[in-house]
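Asker: The lines below spell out each chain.
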Amino acid sequence: MSEDRLDLGGLGLDRGGQLLLRRALAPLAAGSRLAVYGRDPHLPVHLPAWCRAEGHRVESPEPGQGPPPVAVVVRGARPDHRWHGAIRAGDPATGAVQRHPPARWGLAARGALLEGGGPEPHFDLDDRDLVWAEVAPQLYAYAASRQWDPATAVPWSEPFFLPPDIEAAVVQVMTYLVENEQAALVVPARFLGRIHPHFREVAQLLAVQVADEARHMEIFNRRALLRGGGLGTSSAGGRSSLFTLVEESDFSLSSFLLSVLGEGSFVNLLGFLQRYAPDPVTRRVAWLAMQDERRHVLFGVAHLANQASVDPTLLGRLRSAIERRHDALADTAGLNDDVFDALVLMAAGGWEPEAIAAGHERVRQLERDMDQGRRRRLERLGFPPDEAAALSALHTRNFM
Amino acid sequence: MTTRPLVLGAVAYDPKVVTIWDGFRSWLREHGLAVDHVLYPHYERMVDDLVAGRLDLAWNSPLAWLRAGRLAAATGRSVRPLVMRDTDRDLTSVVVVRDAAGITTIADLAGKLVATGAIDSPQATLIPLAHLAERGVKVQAHRFDVGVGLHGDHIGGEREAARALVDGEVDAAAMLDANHLLFVKEGVLPAGHTRVIAQTEPYDHCNMTVVDTAPRAAVDRFAALLLGMSYADPRVRHLLDLEGLTRWESGRTDGYQVLSAAVDRCGFYGPDGELWMPAYHP
Ligand SMILES: [Fe+2]
Ligand SMILES: [Fe+2]
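Residue numbers (our numbering), protein chains in the order written: chain A, 1 to 400; chain B, 1001 to 1282.
Chain A with its partners taken away, still in its complex shape (with noise of 0.2 Å):
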C-alpha cells in the first residue's frame, strides 16, 4: 500500500509539529495513511494522542527496510466535515455590501469563509438602504487621513492676553461647546453596536467620528481651563435640547437630527468662532473641530438622500422627528443666555455700545447662516424650498 511520509525531525507536538501534521493530512482523502517520522522523544506518546482527538487513527508501522515511522496516521473525515456547507459571508471588496445581510454572518469579516454554527447576534440595523452610504469608504479612508493630536495640533503655550470678561465669553462658550459634544459622541456611540459588522465601513467611520468628538471635548475642555479659571454655566435648556438627541432610538431620525440639522449649524458657529475668535488658541480649536463636522454632516446627509430615493416614507417621518421634538421643547428656554451673550461680546470684541450693536448683528447674521445651510441640505433630501424653510424655523434655538 502506497503511503505519503512526513519527518518532523526534532519538532515536537507542543512546539508546532501539529501545523506540519495538518498540512500533510489536508490534501490526503479520508483513509489515507500517512507515515510520520521524528526523533522528538515525546511524539509516540503525543502523537497518538494527538490523532485521537483530531478524528484520526494511528497504526503500528509495519516492519519494513530501513528505521521505522513513529506512526502510521490514517486520515479521519473531521477537517472536511466542520468545512461542509461552509458560506461565504458576502463580498470582501470595499463597498461591496449586500441589502440584508444575515444575521448568523455575525462579527466574521465581510467575505470570510464560515463555519456553519455558532451565534446569530441581533444587529437591528440590518439593512443596507438604512445605513448605507456609497460614500462611506471614501469619507473614513479621508477622516482617517484628517486626524490630529491635541498635544501639538494648537499652538496651547502660544502668549496672549484678554481682559477678564472677554476670557469669561470665551470659557462660556467652550463650557456650551463641551456638553454639546458630549452629546455628539454619545449618539453614534450608542448606534454602532447596533449596525450589522457587514457594513463595516460605516462602523468605522461612526467610530472615527466618535474619536473626532473626544479630541473635541477634549481641545474645548482645555482650551477653556487655560488661564486657569473654572468652567462656564450649562443651563437646563440647552441640556433638554441635547437629550432629546440622545433618546432618539431611530439611526435614520436621530442622524438627522444631529448631523443633518444639529452640526450642521454647529459647522457655522464653528466658523462663526473662528472668525472672532479673540485669541489664537480658540482660532485654532474652533477650526480643527469644523473640519470634522464637515465629514460628520456629509455622511448624515449622504446615507439620508441614498434611503429617501428608496424610501418614499422617510421625508415625511423626517418632517414628524423636527415637529416632535419641537414640541417637547416648546416649554424650555433654548439658547443659555450666558452664551448668546458671550458670543455677542466675542464678536462685539468691546463694552461699547457701537461695538456690542456690531456683534449682535454677527450673532444674527450667524443665525440667518445657521437657516440657509439648514434649508440647503433639507432641500438636498428632497424637501421643496418652503417646506425646507418651515422645518429648519422649527430646528431647536440650541444650535444643536
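If you're looking for bench data, these hints aren't it; they were derived computationally from the structure.
Some chain A residues close to chain B (C-beta under 8 Å, calculated; not the full set):
| # | residue |
| --- | --- |
| 1 | ASP14 |
| 2 | ARG15 |
| 3 | PRO41 |
| 4 | VAL45 |
| 5 | HIS46 |
| 6 | ARG52 |
| 7 | GLY55 |
| 8 | GLY76 |
| 9 | ARG78 |
| 10 | HIS81 |
| 11 | HIS84 |
| 12 | GLY116 |
Ideal Cβ placement from N, Cα and C applies to all residues, glycine included.
With chain A's structure known, arrange chain B with the ligands on it following the hints.
Answerer: Here is chain B with the ligands on its own, set in the frame of chain A:
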C-alpha cells in the same frame, strides 16, 4: 411521543455538562425521541440508580462501567455499553520523571514517590499504579485528590501531580497521554526537562451504559440517532466539540480489562460492586 422519555444519568463534573445535555436533549427531541437527563454529583450514586432501574442509561466513566457490571451481575440484571466516543478508545497513561533525576528505567522507580491523580482516577491513579505494580516496582503514591467521586473527570489532580513533579516534591507523576501533551504545551511540564519512563497498555474510557430494564425500542432509536450524529451538522458540532468527540461509535467491552485488573489489584471495588476502598469518600 406517547411513550415515556428515556431517563439518562450524567455526572455534573463541569458546568458545561448542562450545556451538552440540554443541547443533545433538544436535538433528540427534534428527531422524535424524548430523553430526560438527570445530573449526579458523583458516579457511585448514578450507578446505583442505573442498576436499580431508576435510570435507563448512564454516561459512565470506565470505573463506573465496571461497577455497574458487577452490581448488575450481583442483582440479576445486565448492562451493556451502547455507544462510546471515538476519542474514548485506546487511551494510554504515562509515568513521567524529571530528565535530570537519574531515573532511566522503570526499575529505578522502586521506592520512589509517584504523584497521581485522585484516588478514583482510572487514568492517573489506578491504571498507572497497577502498571508499575505488575512489573514488580513498588512505589509510594502521593495522591492529589481533586474531584473525588468524579473518577478523574476533573483534570485538576493530574495538573497538580505534574506541578509537584516539576517542583521536585515527587520523583514521578502519572497522567493520561493526552494530558501529558496538554501540560507540555501549556508549559506546566517545561519542554525538554521531563521524560516518559513508562506507558501503559491501551484501554477504553467512558461509555453510554444501558440497563436491561430500559425500553428496548427507544434505546435502539437512541443509539441509532447518536451514531448518526455528524460532525458536519453545525447544530451538533459545538456539542461534540464540548463533549470532546468527533463521532459516536458502537460500544465495546474488550477495552476494560486493564482497568478491571487494576481495580482488583488494589481492591477498589468488591466482586459485587461494593465500595471497598476505605479512603474513598465520593
Ligand atoms: Fe464635535
Ligand atoms: Fe460631530
